[in-house]
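**Q** Residue-level listing of the chains:
Number of protein chains: 2
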Amino acid sequence: MSHLLQILLLLSLVIAAAKLAGAAATRIGQPAVFGELLVGLILGPTVLNVLSWPSFTTAPTEGFGAAPVPLLGLVNDLADVGVILLMLVAGLETDLDQMRHVGKTAFWSAVGGVALPMASGILTAVAFGMPVFWTGIFVGTILTATSVSISAQVLMELGVLRSKVGATILGAAVIDDVLGLIVLSVVVAFAQASGGGSTLQVLAIVGRMLLFFTGAILVGRYFERILAWGDGLGVSQGLLATVTLLAFVYAWAAEYVGGVAAITGSYLAGVLLTRTSFKKRIDDGVHPLTYSILVPVFFISIGLRANGRELGPHGAFTVVLLLVAVVGKIIGCGALARICGFSNRESVRVGIGMISRGEVGLIVAGYGLSHSVIGLDVFSAAVIMVLATTMITPPLLRLAYPQVAKRPQVAVEEAFTAIPAEVHDAVGSASPHSGHSAQGGRR
Amino acid sequence: MSHLLQILLLLSLVIAAAKLAGAAATRIGQPAVFGELLVGLILGPTVLNVLSWPSFTTAPTEGFGAAPVPLLGLVNDLADVGVILLMLVAGLETDLDQMRHVGKTAFWSAVGGVALPMASGILTAVAFGMPVFWTGIFVGTILTATSVSISAQVLMELGVLRSKVGATILGAAVIDDVLGLIVLSVVVAFAQASGGGSTLQVLAIVGRMLLFFTGAILVGRYFERILAWGDGLGVSQGLLATVTLLAFVYAWAAEYVGGVAAITGSYLAGVLLTRTSFKKRIDDGVHPLTYSILVPVFFISIGLRANGRELGPHGAFTVVLLLVAVVGKIIGCGALARICGFSNRESVRVGIGMISRGEVGLIVAGYGLSHSVIGLDVFSAAVIMVLATTMITPPLLRLAYPQVAKRPQVAVEEAFTAIPAEVHDAVGSASPHSGHSAQGGRR
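These protein sequence lines map, in sequence, to chains Z and S.
Here this note's numbering is used: the first residue of the first sequence is 284, the next is one more, and so on.
Here this note's numbering is used: the first residue of the second sequence is 284, the next is one more, and so on.
Some hints could be false.
Calculated from the model, a selection of chain Z residues having no Cβ within reach of chain S, i.e. all distances over 10 Å [to be verified]:
#1 Met284
#2 Leu321
#3 Val352
#4 Asn359
#5 Thr482
#6 Thr497
#7 Leu501
#8 Phe506
#9 Val526
#10 Thr557
#11 Ser575
#12 Phe600
#13 Ser626
#14 Asn627
#15 Asp660
Covered stretches of chain Z, going by a simulated chain S footprint (3 or more residues, C-beta under 8 Å) [stated by the list, open to error]:
#16 509-522
#17 530-543
Hint data in this document are derived by calculation from the structure and do not stem from the laboratory.
Small disclaimer: the values here were computed from a predicted structure and weren't measured.
From the three backbone atoms N, C-alpha and C, an ideal C-beta is built for every residue, glycine too.
Please take these sequences and the hints and turn them into a complete structure.
**A** This is the structure:
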């Protein structure tokens, strides 16, 4: 089978599996994303390992242009682009006034969610006989950074992203990203034991972040004009092309200029786009193909990359690390949200929304492994921890929102209209923006 | 720069370049796709060779999961998916009644457009001192297959895809695909000189094509039910995911089962989807991200793959081959359209719409090269011929439709409403379907 046919077959399989699993998950009262993650795990090396099937491994028969791309590499690339667009959508769904309102809580939740996992990670490592310097500190650092894309998706599905809790989780995740980076850079600067220059290095990193965020917000003021210009270019989909371009450039700049995660950049672009007059048209344009191809590829790819069979001989350490990862965020974020005045239920929701870890944890673990600070056992445990926290976040968040338990799940974009007052009342903060209801007819 | 950042930067560059070049082209009265092809050529190895710039070649800094994908390979893969979706859109824009109406003309145009280029290709080879068997016959075969995606895009931009001429070109392209394949298989079967079994081989190939087309049309009868089911799944973008899945599966089956081009499959899926009650929603959903990311990548990728500097020492042969390729289609398709009752102007338009060659020509050339039937000189000439026919089709088609010369180009999807009666009148066959006008406000 030629390379193109393999791609078409794989994309067909991914889309079909994701949507069917998503539908099945909603039938049993779970977020669709839970089903998509689970089916990815089944398709991946853990169970079926589809990418090793003959259809996907036979040598491509044609040979023009560049060498064919490995399929897993292609899936990963599409997934990376998918999660950039997913966070753009999450940004578009964000209620900026609500987020300003909960800014303080978000900040302290993020601090608690960095400090407690860091401390308990160090203790866990020590309990398993590892030295504090630097193995313990690396284990702690691995546990700090939240990856909010899965939570954002679940909150959108539940229709509560614009609520007080939703805004806190998203806000805390951005701050967490910044804090996690500072922690990481401090740790790396000191671990390199170069001695001199570490303070300067850390200052440089903070300076880069400031540069990115300031620049991004300043440019955001011209979004209305930029979009109007792109829309008036007279080319097909000028508006959407401009939006996509902004999301990609912001994602690029977030990592290249600011040193923070690329998804933070596209999320920020989405937030800034909510203030333009084009918001409704952007929503209508971004959702369809994003959610029919790229986002399913992202969800499935998580399972395809993972190998649940690798739990191996270090089971005890892995299980404890996972528990610490989960409990550390729930208590770390939750306690500080509670101190800032959230109710018990709201605080637990914030904590749960911050559980899932992602790329940053893996990057820290990879750095530690390649510099022999941690061993392959800790690295494997970290990979499983990232996967497991990602998998359990959707059902846990679902549990934390029992109010919507009795009704079937609906499409993300309909959630805001289809799940009406009861939810918003339940979380104690109905969004003042009812503009979203206007989108009821769209799918 | 990490692999993801390279992807984001490259996609940003591609989208910005494509849309700006498209806008510039429309300002000078050319189809947007002409500008996009031209800027791709400029970005590619012919002029700037951006993919060799340090930003895109520095070794990726991270190393998790699969090895990073070469960027050109990724662009080619995205382009391949993009052209599948482009042909889905072309299928959705097709007027099936109109196509039935022009079926006979389309068939004979296709026959003329295969026979004349085949014959003149052989003569050209002989004139340059090559043997008829098999070099000459391979040169002829290289010239037979039309690649209609660029013409489809231009016809959509001009708002005449649903006209008599547009339907004839698209119909002839599908038939041409089938005829080209038969010619190719006959030539290959005989060239292999295995003697026995060649007739059986050819019969098997015709059987596979029949199997695909029959199956595809039969399954198409259930599209309404399949879409209703997907739409009712309760997952995000269930309808669009189902449409994408159908397009991918049809594209896969076209090549894998039927042996015809994958784009013929997605085009057929699009045509069959026009008869469902979901057509309007499909249109609204498929256009935005397709035309903001994937289709621009396709147009740009043509230039990125090409290298105009390789014209080299065989300039005379290349120039003659190109002339024969262009004139062969214009006269071959045009003359038979004229005989079937089309006016002179309509016949020329059909001929021009069939000029551009694509993958199939390259595949034949590659086969000939790897089996030493043709030399590297003929192969390079074929590559340049494919590129040049692709580049000149948009401006030539534009010339053939002077009626729309005075007004600025508009977005593809608006063309049907924005270019009103005069065009349809001019081509003598206003579409009976005015349903399209309802989409005026969308972009």
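**Q** Looking at valine 352 (chain Z) again, its CB stays over 10 Å from all of chain S?
**A** 4 Å, violated
**Q** Examine each Cβ of chain S, and state whether all of them lie more than 10 Å from the Cβ of phenylalanine 506 (chain Z).
**A** 16 Å, holds
**Q** Per the stated criterion, does the least C-beta distance between threonine 557 (chain Z) and chain S lie above 10 Å, as a non-interface residue requires?
**A** Given that every Cβ of chain S is farther than 10 Å from that of threonine 557 (chain Z), nearest at about 18 Å, it holds.
**Q** Would you say the stretch 509-522 of chain Z counts as covered by chain S, given the rule of at least 3 residues with C-beta under 8 Å?
**A** holds (count 9)
**Q** Over 10 Å to the closest beta carbon of chain S is the bar; see if leucine 501 (chain Z) clears it.
**A** Holds, because the least Cβ-Cβ distance between leucine 501 (chain Z) and chain S comes to about 19 Å, which exceeds 10 Å.
**Q** Please settle this one: asparagine 359 (chain Z) was flagged as non-interface, so is its CB more than 10 Å from every CB on chain S?
**A** It is violated; asparagine 359 (chain Z) is separated from chain S by about 6 Å at its closest Cβ, not greater than 10 Å.
**Q** A cut-off of 10 Å on Cβ-Cβ distance, and valine 526 (chain Z) was said to be off the interface with chain S. Does that hold?
**A** Nearest chain S Cβ is 7 Å from valine 526 (chain Z), so the label is violated.
**Q** Verify that the Cβ of threonine 497 (chain Z) lies farther than 10 Å from every Cβ atom of chain S, and report whether the claim holds or is violated.
**A** 20 Å, holds
**Q** Is the Cβ of asparagine 627 (chain Z) farther than 10 Å from every Cβ of chain S?
**A** Consistent with the label, asparagine 627 (chain Z) stays out of reach of chain S, its closest Cβ about 31 Å off (over 10 Å).
**Q** So is the stretch 530-543 of chain Z in contact with chain S by the C-beta rule, three or more residues under 8 Å, or is the coverage claim wrong?
**A** Our answer is that it holds, as 6 residues pass the Cβ test (under 8 Å) against chain S, meeting three.
**Q** Over 10 Å to the closest beta carbon of chain S is the bar; see if phenylalanine 600 (chain Z) clears it.
**A** Given that every Cβ of chain S is farther than 10 Å from that of phenylalanine 600 (chain Z), nearest at about 21 Å, it holds.
**Q** Taking 10 Å as the cut and beta carbons as the points, is serine 626 (chain Z) off the interface with chain S?
**A** Given a closest Cβ separation of 30 Å, the condition holds.
The structure does not agree with the numbered hints 1, 3, 4, 9, 11 stated previously, though it agrees with the rest.
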